[in-house]
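Following the hints, position chains B and C against chain A.
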Amino acid sequence: MDTVQVALDLAGIFVFALSGALLAVRVRFDIVGVVVLAVITGIGGGIIRDVLIGDVPPASFRDWRFFLVPTAAALLAFRFHPRLRRIERTIDWFDAAGLGLFCATGASKSLFFGLDPVPSVLLGVVSGVGGGVLRDLLAGRTPVVLREDVYVVPALVAATLVVVAYESGWFPAWVPLAAAAVCFVLRLLALHFRWQAPRASDLRD
Amino acid sequence: MDTVQVALDLAGIFVFALSGALLAVRVRFDIVGVVVLAVITGIGGGIIRDVLIGDVPPASFRDWRFFLVPTAAALLAFRFHPRLRRIERTIDWFDAAGLGLFCATGASKSLFFGLDPVPSVLLGVVSGVGGGVLRDLLAGRTPVVLREDVYVVPALVAATLVVVAYESGWFPAWVPLAAAAVCFVLRLLALHFRWQAPRASDLRD
Amino acid sequence: MDTVQVALDLAGIFVFALSGALLAVRVRFDIVGVVVLAVITGIGGGIIRDVLIGDVPPASFRDWRFFLVPTAAALLAFRFHPRLRRIERTIDWFDAAGLGLFCATGASKSLFFGLDPVPSVLLGVVSGVGGGVLRDLLAGRTPVVLREDVYVVPALVAATLVVVAYESGWFPAWVPLAAAAVCFVLRLLALHFRWQAPRASDLRD
Numbered sequence: 001m002d003t004v005q006v007a008l009d010l011a012g013i014f015v016f017a018l019s020g021a022l023l024a025v026r027v028r029f030d031i032v033g034v035v036v037l038a039v040i041t042g043i044g045g046g047i048i049r050d051v052l053i054g055d056v057p058p059a060s061f062r063d064w065r066f067f068l069v070p071t072a073a074a075l076l077a078f079r080f081h082p083r084l085r086r087i088e089r090t091i092d093w094f095d096a097a098g099l100g101l102f103c104a105t106g107a108s109k110s111l112f113f114g115l116d117p118v119p120s121v122l123l124g125v126v127s128g129v130g131g132g133v134l135r136d137l138l139a140g141r142t143p144v145v146l147r148e149d150v151y152v153v154p155a156l157v158a159a160t161l162v163v164v165a166y167e168s169g170w171f172p173a174w175v176p177l178a179a180a181a182v183c184f185v186l187r188l189l190a191l192h193f194r195w196q197a198p199r200a201s202d203l204r205d
Numbered sequence: 001m002d003t004v005q006v007a008l009d010l011a012g013i014f015v016f017a018l019s020g021a022l023l024a025v026r027v028r029f030d031i032v033g034v035v036v037l038a039v040i041t042g043i044g045g046g047i048i049r050d051v052l053i054g055d056v057p058p059a060s061f062r063d064w065r066f067f068l069v070p071t072a073a074a075l076l077a078f079r080f081h082p083r084l085r086r087i088e089r090t091i092d093w094f095d096a097a098g099l100g101l102f103c104a105t106g107a108s109k110s111l112f113f114g115l116d117p118v119p120s121v122l123l124g125v126v127s128g129v130g131g132g133v134l135r136d137l138l139a140g141r142t143p144v145v146l147r148e149d150v151y152v153v154p155a156l157v158a159a160t161l162v163v164v165a166y167e168s169g170w171f172p173a174w175v176p177l178a179a180a181a182v183c184f185v186l187r188l189l190a191l192h193f194r195w196q197a198p199r200a201s202d203l204r205d
Numbered sequence: 001m002d003t004v005q006v007a008l009d010l011a012g013i014f015v016f017a018l019s020g021a022l023l024a025v026r027v028r029f030d031i032v033g034v035v036v037l038a039v040i041t042g043i044g045g046g047i048i049r050d051v052l053i054g055d056v057p058p059a060s061f062r063d064w065r066f067f068l069v070p071t072a073a074a075l076l077a078f079r080f081h082p083r084l085r086r087i088e089r090t091i092d093w094f095d096a097a098g099l100g101l102f103c104a105t106g107a108s109k110s111l112f113f114g115l116d117p118v119p120s121v122l123l124g125v126v127s128g129v130g131g132g133v134l135r136d137l138l139a140g141r142t143p144v145v146l147r148e149d150v151y152v153v154p155a156l157v158a159a160t161l162v163v164v165a166y167e168s169g170w171f172p173a174w175v176p177l178a179a180a181a182v183c184f185v186l187r188l189l190a191l192h193f194r195w196q197a198p199r200a201s202d203l204r205d
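Chains as they are written, first to last, in UniProt numbering: chain A, 1 to 205; chain B, 1 to 205; chain C, 1 to 205.
Quick caveat, the hints were computed from the structure, so don't treat them as lab data.
Ideal Cβ placement from N, Cα and C applies to all residues, glycine included.
Restraint-style ranges between C-beta atoms, simulated for each label pair:
| no. | chain 1 | residue 1 | chain 2 | residue 2 | range |
| --- | --- | --- | --- | --- | --- |
| 1 | B | Leu188 | C | Arg28 | 22 to 30 angstroms |
| 2 | C | Leu188 | A | Leu68 | 29 to 37 angstroms |
| 3 | B | Ala173 | C | Arg65 | 29 to 37 angstroms |
Chain A with its partners taken away, still in its complex shape (with noise of 0.2 angstroms):
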């Protein structure tokens, strides 16, 4: 289980921070930029989580696949991205594919460490959308989770199909792969079909 927990949690980096450096690229930070986007981005969801459970120092600092897989990512993004026809398409892409990753493995580890059905979930969530915050914050643009209408709610999915999994007493090592895979699906959907969530349409000053 821990081996599956670590792989998914590198695979989830490794979108993460192929996102952030993406958007380092775009908005045209130098190659220490880009680099060090993608690692904030990789592994900022990952460290709010662990500080947050009580983890410390959290699992990133003691790990060097965990620099190392982002860093690789990043100069990937700088090498190879003149080849990307749609920059922003495919930061979403990899931001989806991030965001459901570490939904479930925050959930899933949130349960390992002793926690309760709806903290795992809402720890699941805030592990899953970290990372594109500091991203967004540190790159100066308004949080992707406050900008984009379907975000939050892909990202409850996974995380409670994770922890409904877990509590019944069924948990094979593929639950959390599959319930990263139907938020990132969720999430492409969202992109492709527009979903808006209602706005607010009244002001009056």
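Positioned in the frame of chain A, the structure of chains B and C alone reads:
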């Protein structure tokens, strides 16, 4: 005492969440963004406080009411904001109420955790200021604590009142509420009379 | 050893606070905003470091000097800034000094807490970079670590020097100070000669 602490915490979360929800409405986030900003504003200061005093997972992750209350506040704000004539002023009022409540409960929680008087004052201020700073950063405006001339001082007064009462051994349950009220009134006076602190006047470059 | 650590910490807090105070003056905050930004810049990196290594409440909440020093720095900056000819350059110098000092003390504190060499280097860098990132986020500009081409590298050098000396078993009390000086000089050279890292050049959309 614990019931009082929780009740004041929830009251502070409620009013801070209203300030976050109204700001989200004002910058035209959709309903999910309104809920997210309200929740982060409501529980942000308390999470920072709990992480800093080592009470993890933070209280707001162990008690579902800490999410229910700001969500309800967000939905209320989303539904009823067209009835508000001056949304900016209303945000300031709720912010002032949240500031007072969080400074008072932050200071008393720090004292209960065995911290010394001065750190307890400072943690009270950090608890009170934290939610508003997160709200403003996420909504892309200068944090209120830096923007407003008289903001930290009422917070310091409230936290100091709580600590002095506690250290003097005379600490009836209404002290935090009274301290919060003092902070609230000071903030409203500062807003009403536009109290200003001196500003640097002479810049050469 | 502990006295050296505290002395270097306070020196780092002082210079970082000066950088924060001068930036606050530059963006025309009032005196309270100047003090607040100075304090956050001064102690922010150390708080992040302490939360990540699990030393809570952070050192700066247990020792009143950690608030007195940045407050004094803020008042000095507020009083004497009109004598500064080039405020931006002065901010950069103080920032460079704070970066070196915090990287060195952050790395050595992590080592004393029993962390492994690589995490200690990384925590040193995070300690050094953290204060400036908070300062720039709160003042609404791109964080220096992402904006400046050669910023993380001097930080890495300083933290690595400390860790290598410690692991080699040869660790006289002046090593952190020397490492901080190396970082400081590298930063100033990078600023003076405008060293630049490669930048992504070809964006299709």
